[in-house]
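Undergrad: Protein sequences appear in the order of chains F and G.
With the working numbering, the residue at position 283 of the first sequence is 283, and numbering never jumps.
Adding 299 to a residue's 1-based position in the second sequence gives its number in the working numbering.
For the record, the hints were derived by calculation from the structure and aren't laboratory data.
Some hints could be false.
[What the hints assert, rightly or not] Subject to a maximum C-alpha distance of 16 Å in a straight line, what follows is the list of computed EDC-like cross-link-like pairs (lysine to aspartate or glutamate):
hint, chain 1, residue 1, chain 2, residue 2
1, F, Lys130, F, Glu53
2, G, Lys397, F, Glu124
3, F, Lys87, F, Glu124
4, G, Lys397, F, Glu77
5, G, Lys445, G, Glu406
6, F, Lys138, F, Asp152
7, G, Lys327, G, Asp524
8, F, Lys87, F, Glu103
9, G, Lys397, F, Glu80
Treat the numbers as computed from the prediction; the structure is a model and nothing was measured.
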Amino acid sequence: MVANLIYFFRRALSTMLRSFGLTAVAIATISISLAVLATFVLVVYNLQRLTAELGDHVGLSAYLQEDAWSEGPSIVERVESWPEVKKAWVLTSSQALSDFRNELGPDSVMLEGLPDDVVPPSVELQLYEKRWAYAEVKGLAARVLRLGGVSDVRYGQQDIEQLSSVLVMVRTVTLILGLSLGLATLLVVYNTIRLTLYARRDEIEIMSLVGATPIFLRAPFVIEGVLQGFIGGILSMFIVSLLEDVLLQQLVDGLAYLKPSSVELISIPPLFGVLLVGLGALLGMLGSLVAMARFLQWR
Amino acid sequence: MNVVCGAVVIQAFQLTKVYDAGDRPALKDVRFALQKGEFVFLTGASGAGKTTLLRLLFGAERPTRGQLYVNNRDMSHLHGWALAQLRREIGVVFQDFKLVPTQTVAENVAYALHVVGMPDRSIKRRVTQTLGALGLLHKARTLPPKLSGGEQQRVAIARALVNDPVILLADEPTGNLDADLTPVILELLEQANARGTTVMVATHDRHLLATYKKRVLTLQQGEMDEDEHFQSEDITRVF
């Protein structure tokens, strides 16, 4: 048994080395396919986390009418009695402008020369942390608007809704892409193993004639497919780890206006890496099994 | 040479093989039996069914009708693992040698031992012994295309004999060789026979049959035409 296993691995490796060009192309295709797939999964994963996190930290801004700036404290007192509201406070015009300056950073020069009261004062509401439904937050905003002295209510939920629809789209694209790339990987391995089988048909025939069992004939080719997928999976992890910093930075920049400071975008978790390599090996195995199913049928 | 015969290793009853329905059968109602330790020539003109019979014997084809038993296995129902087990008991030598050109002589011979899961050290020992016995040890690391026809046929015989088969089937083993190499190849087959291996050699070379006084099975258009035993072999007509 051990002698057989060693022999299978040796044969698989010798075939891979002998047809190095073919094997390299197959591994490169597998690794690129898996890397593209992994990148999409990474983006979906982070968008999902971000959407969930934003949903947990909902805040409302009630902008005060020009003639009701002084009513801020009384509005705070009223809304703080509502069960949904954890905390409320008045944000003065100058504080709002100062926050805006901080957000803009070096670009804050654009705000120079503007009067302090360019941004109306507001009452900020922080809600208790829970997964807020869009309708709930919308209803609460309507109640705030009905309070006297409030001209407009803005809340991040609108952005979350937009983000959610983007997430659904990206998830669908990832699913379609995943299936397509999975199929492509399968076909690449299938083709490589088929060519290998064709190149080694004399050897297979001889082995069959001298008493090789069906398992003995198939095992080296299954191992070859698994190794191609395995190596492709590991390489795809390297590709993603090289790209992810750039990609995540793009995502951070794109979502900077939404991202609460508590949310960290994360890179590939170790389990995902293991799954990726496992997926590569599985696709490799399936590809070689399909290739052999027809080729070795007559043996 | 007197052959000591024992149990029956090959038996065919009404053995028929039809490749395409409507065509003339490649073999029709063939009957014969071979005992352990026999040396038999299978002869007939081209297309008489010699190769078909050999292919049935090592399980590359299945009988259409009739029965064929090889070393107590019914060839009509043998496939997969069981067929592989039987093939380990049969050595086959082909006219075109069927050597893998990208593998060395030693690696070609070792195939028959790898498939039984023999450890590398034992394989090396057996291959060395066999190549030595056939005078090929100095060619162990050579690739087959660099060998002469006679050497390639000897490698094929080495591969067929390396695991001490019960039966050795040779399909025109001298057909592609110069006439002066025929005795060399036949001597190797006789040596295997002397060690107890049942040998069946398919040939259309009448000179070979006349030179080596063995039992001769003659096929004509797929039918067993003659089963001739030489008195020197001390074997009487079976059918």
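Undergrad: What hint numbers does the structure not satisfy?
TA: Of the numbered hints, 2, 4, 8 and 9 do not hold.
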